[in-house]
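Protein chains in written order, with the numbering used here: chain V, 1 to 388; chain Z, 1001 to 1388; chain W, 2001 to 2388; chain R, 3001 to 3388.
Everything labelled a hint here was simulated from the structure, so no lab data went into it. By construction, the Cβ of each residue, glycine as well, lies at the ideal position given by its N, Cα and C atoms. Hints may be right or wrong, so weigh each one.
Simulated restraints on C-beta separations [as the list claims (entries may be wrong)]: (1) R:P3208 x V:K25: 36 to 44 Å; (2) W:S2014 x Z:A1192: 55 to 63 Å; (3) Z:K1133 x V:P141: 54 to 62 Å.
Number of protein chains: 4
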Amino acid sequence: MARPTIDHRSAEFSRLGLEVLDGLKEVFKTSGSIVIFPASGTGAWEAALVNTLSPGDKVLMFETGHFATLWREMAVKLGLDVQFVEGDWRHGVDSKVVESALSEDARRQIKAVMVVHNETSTGVTSRVANVRKVMDRAKHPALLMVDTISSLASIDYHHDEWGVDVTVAGSQKGLMLPPGLSFNAISEKALASAKSARLSKSYWDWQPMLAANRTGFFPYTPGTNLLYGLREALHMLREEGMDNVFARHDRHAEATRRAVQAWQLEVLCLNPQEYSSSLTAVLMPTSHNADELRKVILDQFNMSLGSGLAKLQGKVFRIGHLGDFNDLMLAGTLSGVEMGLALAGVPHAKGGVAAALDHLTQCRQQSQRYRSLMRTVSRSDVAQACRD
Amino acid sequence: MARPTIDHRSAEFSRLGLEVLDGLKEVFKTSGSIVIFPASGTGAWEAALVNTLSPGDKVLMFETGHFATLWREMAVKLGLDVQFVEGDWRHGVDSKVVESALSEDARRQIKAVMVVHNETSTGVTSRVANVRKVMDRAKHPALLMVDTISSLASIDYHHDEWGVDVTVAGSQKGLMLPPGLSFNAISEKALASAKSARLSKSYWDWQPMLAANRTGFFPYTPGTNLLYGLREALHMLREEGMDNVFARHDRHAEATRRAVQAWQLEVLCLNPQEYSSSLTAVLMPTSHNADELRKVILDQFNMSLGSGLAKLQGKVFRIGHLGDFNDLMLAGTLSGVEMGLALAGVPHAKGGVAAALDHLTQCRQQSQRYRSLMRTVSRSDVAQACRD
Amino acid sequence: MARPTIDHRSAEFSRLGLEVLDGLKEVFKTSGSIVIFPASGTGAWEAALVNTLSPGDKVLMFETGHFATLWREMAVKLGLDVQFVEGDWRHGVDSKVVESALSEDARRQIKAVMVVHNETSTGVTSRVANVRKVMDRAKHPALLMVDTISSLASIDYHHDEWGVDVTVAGSQKGLMLPPGLSFNAISEKALASAKSARLSKSYWDWQPMLAANRTGFFPYTPGTNLLYGLREALHMLREEGMDNVFARHDRHAEATRRAVQAWQLEVLCLNPQEYSSSLTAVLMPTSHNADELRKVILDQFNMSLGSGLAKLQGKVFRIGHLGDFNDLMLAGTLSGVEMGLALAGVPHAKGGVAAALDHLTQCRQQSQRYRSLMRTVSRSDVAQACRD
Amino acid sequence: MARPTIDHRSAEFSRLGLEVLDGLKEVFKTSGSIVIFPASGTGAWEAALVNTLSPGDKVLMFETGHFATLWREMAVKLGLDVQFVEGDWRHGVDSKVVESALSEDARRQIKAVMVVHNETSTGVTSRVANVRKVMDRAKHPALLMVDTISSLASIDYHHDEWGVDVTVAGSQKGLMLPPGLSFNAISEKALASAKSARLSKSYWDWQPMLAANRTGFFPYTPGTNLLYGLREALHMLREEGMDNVFARHDRHAEATRRAVQAWQLEVLCLNPQEYSSSLTAVLMPTSHNADELRKVILDQFNMSLGSGLAKLQGKVFRIGHLGDFNDLMLAGTLSGVEMGLALAGVPHAKGGVAAALDHLTQCRQQSQRYRSLMRTVSRSDVAQACRD
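Same shape as in the complex, but just chain V (with noise of 0.2 Å):
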């Protein structure tokens, strides 16, 4: 046709389709396989349990929040037996759990941990590399599924180095895409479990995928924009050094609980260790409903917030602070909040906003420090300077 086309048959595609995967393991952090799905990250959670796993299999999961409680029900509808921990949306997955599960497993009957990297209705981010290590301690042959879907290229994350098997991801948060693409990072092991999974499958199927990727192809239409999105998103990625990503992540989230306590107000997320570097929930004051700030904020600013998802509905607010966002982005969202507690009749301390501005200047600060002491400007300066 005389019109620019994409042909996702062409050699053209094939080249974008062999960048984006090769591109993609730096961001996993992986030397092995990675799948696109066209498809959102619901999709590559169900590709990770299919590919794995046979009717009746058990399973390892924790409530950590409502997208753990979501895959779960997802988990229970394949047909698998699903061994639930559960948690009060507070806490990441905590190792001990694991490792007395798995103990007391005898029988190796559990075939998969699983595992919500960073749960996106809490703001809690589980460590990843303690459950690998009970688990190996454990000796136990399950395999480690991870979701990354709000963490991935927001949190630094280590797919080969943390043992895990499956990471599933999505296109629409740290990637700053729209929804769509979907993604698993697959071990060895996970490839040899896939063997005997029994639990049907083809959309979703591993093999023919793997196939056709080799030479860049996809065996049915891919999402061909998003594609194209995606090497730009990588590019971008790799421009700022994902160490400086990480690192600005972090000085976000530290900059923004700065501001919660300022307001008085209390951070959902209880373990530091597990404080989350891509989101925020904030809980309201008993007797005031997050709902009715949310809607003054966005009747007001224009801006909307997370809202709180299940159980924790009109109980908190979620502030988002990741993908392609910056420091004075991050103080316009504060200001947001800050004024809508005002409006709205929040009680809260003032100073939020002040003291989020405080602790980005001194991240600033200390940077030049390091710079002028060292007379060595590296690109990831401000990132090891908030770290300490």
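Since the structure of chain V is provided, determine the placement of chains Z, W and R on it from the hints.
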């Protein structure tokens, strides 16, 4: 966040959801339910199967081309028992064959009849109404499922009137969007079947989708940006008028066939009643390879023609004339083919473009005559003129 | 051509021309003529002069800042005899000075009084209505010409009511477009002067422009793409309501000044009645260079502040708050300045952003009170609330 | 401001300025000075005159068409004494006439010879090199000024080699941008003339422009967005190679003329050595109105052809084939004309498109032969092939 975001839990998004779900009904010509998956068309194939069928169910399918063959492979993978009627890839579904297969099925084991309306690999359009007719005549209770991925919004289609139970469609052809959305239109009968269907499903499950859709929402992250595009596409189709859209495709297809005839080449589709209006597959003279021709045309004119798929590889090239396409774009396309045939040394007669222009001109002239006769300027003049 | 083109001789383009010429009248608040040049604002300065004056004509101009000085240079270049009233760049035009100059001009040699409404280099807004008043009182026949390049559609302006003869404006500030269009609004009296004006002109000549404009056309190639953008901009202004646009700029300017005060820095403009609502120039503490601060802010936060121009170089920085700008963008901007002051080691007090947020919040609260008192939700609530 | 802005006083902008000013030299083929005005092409006409001439100066101009006539009107308005050589709008500048005019000018009163290189209204290209030759032979000191608004970057042009003193150009044709930028390329001799030129000027004054340009800046607000576009356009031209760009235009122009001949219509331009490669004006058969044909084509095919201007109104239509245009777009364009001729009832023979396709095909074939002969794949193969 301070950035413009598309919040898929907002009231604004709910209005969008309701609007597109409603607007799609005009396109499928149904008053029943439609669901939208963030997935490419292959996903909607799977959704049709897993929501209505159980492991081991027998289905009747037809080898009309490459995509029908892929759909059959999917059905086999998902554990269905496929009765596959072989074909020559140059004809559509033969309703006589359907009739005899159904009447032989005395124990009513066939649970579904599955038809690809328009075969993208061959340019053959099966007559769905005829299939319905023989199913009715046979009083067979099987569901009728139809793939309209490359026909919806290009070729006239009637989900309700033709008694289709599940229609499968995608965003990237007649709806003029990138790939990434796919659809099921669902009859009451199919919804009833869904209650007892035992193929496993989660992402593709109609029930939570239909439940959330009632308020314009989705059970998991939808393809937000494409849904905005869909609203625009539906608006464009309504502006032009569906009848005019169909007439335009008919006109372009006929002009293309006249060009092919003038070139003394052969249209792959053997039955004029089954000519596709959205694309035309053209047979290469024996001892010439279609892919070499395609390469010449791509190199010289930066125009990408469709390739022969699977057993047609190298034997045909395909000219698409669907979506947001006008007379002069068609003329440019056919000019590229005609010059390409000469440059690639493919034996042919000149005059294809000229023959196409003659047809397009005649359509316009007939339409002008109609107008002056009738003194009524109706939007579908051109449509009518060229169909008579 | 087969490509989509903007044909500036088509009927469609003529409709666009008439629509924008008409829509601009609301913005200038005039029922008279407006012309559009494909040129930046400097061109519209020249047009104002060459259409109304003759070589050697005397004009009265005021040194309110850098742009007033540039306009004077142009007048001198074009052969006019400029009486230039010196100024300190911290005040607007003093109407008493105008009055005495005009009363001294017994022989009525002054042909035009030329005022820059809002000095982009200083953030000082001259009170045009007062100038008109003293011209009337002096019964002086001089034309009144006003540059509104950085005020139109941001700060209230009345071409007709204030008896302005030529208003000069551009596309790139309040109209939210790229530079490339500039405007003259023209009184009947100015049109009359044009008949005898002898400065040479061709491109800037009003006559062929006004003649062609009657049918929506232009005497030479217009800035086609920007005219489409202008239609959109006029639509946005109408949507928000001009009074609300002005109130928004007033609110942002006051919030900015409160930040400056809290920082214990000084606003360049000395007269509160002349504070600009579209930008604020801030004096640096002596012995600190504004350009070093600007560099720090650009490097650290990728935000570009306006520099001190000409004799203010290094002595001020300028904060713009005009055009398509909202409360949270202002908060982000002021946050960047506050952090920048700290990082650059500029002596200042903290709390500027907090003071700005207080003001913005109070404006919203007053507006909420109005609403519940009045039970009438008028679009200009916020406007009214914050002006009282 | 927190928003992405294009700050035309920033270091980044200065780099852009230097880059485009430098890149333009390749396009004008000059090592001398070039200035860029934020204005449409008519402004660059004015700049050429006011910078080099004084009131009452005599200039020699030629009635080659509508735009040459407009330029003369401008010269008269600005107070120049124009010696206007009448023409029939079907020929370019006759260098014999130039020669005799100059030799008659014993007192060297003619200060400039002004030529429109490519007349957009007629499709006639004057041979500037020949004009230069006779000027040299006459040893006449007049400046040579050339309008290349519709030829630059489409038709081969040599500012330095042809000894042009001021070349006038615009953004909206061969440079593939919207209107809004215009250019003067300036010889040393023209710069010298500028010192004594007494026509009044300010916006168009070369001196402050050249002074600011030295560091990549501009003396007043430039057309920022278009300058970014210009960088991209220069990049595209360099990618394709200027010789290939010219060859493409030559090929499309010849193909168009073959179509016109096949239709048994007449090209307006009478001298084959003066055929324009950027557009072709076609004479309508007497008693048929070109504007009626244009209306039919616009209504039926949404394609806008150029109209006959001034004394050619209704008598010609103009087919543009310049800028970012390829073989298939040309085929689509000519198809629209051929069908339009039939629909509008204009007497003509069929076969125009076919004749054009024959020519385009032959060019490609010759190029293929060259390649296999030479075994050297040079980028200008097609160019060479079709020029021989």
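- Query: Within 36 to 44 Å or not, the Cβ separation of P3208 (chain R) and K25 (chain V)?
  - Reply: The hint (36 to 44 Å, Cβ to Cβ) is violated, given that P3208 (chain R) and K25 (chain V) are roughly 55 Å apart.
- Query: Has the hinted range 55 to 63 Å been met by the Cβ atoms of S2014 (chain W) and A1192 (chain Z)?
  - Reply: The hint (55 to 63 Å, Cβ to Cβ) holds, given that S2014 (chain W) and A1192 (chain Z) are roughly 60 Å apart.
- Message: Please check whether K1133 (chain Z) and P141 (chain V) have a Cβ separation lying inside 54 to 62 Å.
- Response: 58 Å, holds
Taken one by one, the earlier hints fail for this structure only at number 1.
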